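K.L.:
Protein sequences, first through last, are from chains D and B. Each residue of the first sequence is one higher than the one before, starting from 1 at the first, in my numbering. Each residue of the second sequence is one higher than the one before, starting from 1 at the first, in my numbering.
Hints listed in this document are in silico derivations from the structure and should not be mistaken for laboratory results.
Label pairs and their calculated CB-CB ranges:
hint: 1; chain 1: D; residue 1: S80; chain 2: B; residue 2: K2; range: 25 to 31 angstroms
hint: 2; chain 1: B; residue 1: D57; chain 2: D; residue 2: G77; range: 36 to 42 angstroms
hint: 3; chain 1: B; residue 1: Y70; chain 2: D; residue 2: S84; range: 29 to 35 angstroms
hint: 4; chain 1: B; residue 1: D77; chain 2: D; residue 2: Y99; range: 24 to 30 angstroms
hint: 5; chain 1: D; residue 1: K70; chain 2: B; residue 2: R1; range: 36 to 42 angstroms
hint: 6; chain 1: B; residue 1: S49; chain 2: D; residue 2: K57; range: 26 to 32 angstroms
hint: 7; chain 1: D; residue 1: G77; chain 2: B; residue 2: A17; range: 44 to 50 angstroms
On a predicted model such as this, the values are computed, not experimentally measured, just so you know. Backbone N, C-alpha and C define an ideal beta-carbon position, used for all residues, glycine too.
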Amino acid sequence: NAGVTQTPKFRVLKTGQSMTLLCAQDMNHEYMYWYRQDPGMGLRLIHYSVGEGTTAKGEVPDGYNVSRLKKQNFLLGLESAAPSQTSVYFCASSSTGYYGYTFGSGTRLTVV
Amino acid sequence: RKEVEQDPGPFNVPEGATVAFNCTYSNSASQSFFWYRQDCRKEPKLLMSVYSSGNEDGRFTAQLNRASQYISLLIRDSKLSDSATYLCVVNNRGNEKLTFGTGTRLTIIP
Numbered sequence: 001n002a003g004v005t006q007t008p009k010f011r012v013l014k015t016g017q018s019m020t021l022l023c024a025q026d027m028n029h030e031y032m033y034w035y036r037q038d039p040g041m042g043l044r045l046i047h048y049s050v051g052e053g054t055t056a057k058g059e060v061p062d063g064y065n066v067s068r069l070k071k072q073n074f075l076l077g078l079e080s081a082a083p084s085q086t087s088v089y090f091c092a093s094s095s096t097g098y099y100g101y102t103f104g105s106g107t108r109l110t111v112v
Numbered sequence: 001r002k003e004v005e006q007d008p009g010p011f012n013v014p015e016g017a018t019v020a021f022n023c024t025y026s027n028s029a030s031q032s033f034f035w036y037r038q039d040c041r042k043e044p045k046l047l048m049s050v051y052s053s054g055n056e057d058g059r060f061t062a063q064l065n066r067a068s069q070y071i072s073l074l075i076r077d078s079k080l081s082d083s084a085t086y087l088c089v090v091n092n093r094g095n096e097k098l099t100f101g102t103g104t105r106l107t108i109i110p
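Could you put the whole structure together from the sequences, leaning on the hints where they help?
P.N.:
Have a look at this one:
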């Protein structure tokens, strides 16, 4: 019963480097989400997907890209990392889009 | 104005006491309401849904006031294990995503 798995758990990047965060869920959920969490800002939605092959922008999409080629996976890409992208990133999935979000354990990213 | 507003706290409460948090939301089209709990450096987890008639789950009681657009969470007989950040969460009608408040931090003191 893995639920939602995020990899990696920790990463340090230099400014300008790129990376991809992977989110995998084994609950056959249609909806998947990427959030970032910063002190005092709460959880802010970056991008989300309502099904395989779909993506949509959230509240803070700039500097990020996403892909959902397979229903179980949702990838978040940073093409050219900036210090402002230092944050904790959470992936979540849901069967309904509004209830019972299951979150991954998070990725702590530091951009220096 | 933020869509969901919470008092960030911290609330420092002695063990066994009753504590209540409020949360206000700005969109009158909001239709689903939840409280999530987040422990330090962990992911958020659903604590309970909030229904119009109010609902209880053990020591926890959630209430919704649509007219005033606020949600409350009451914790009775607080335990040390209740120490966490409590997130107020809403969903707007026709929307496929949740909006999270910034959270209220609670510390239960022995």
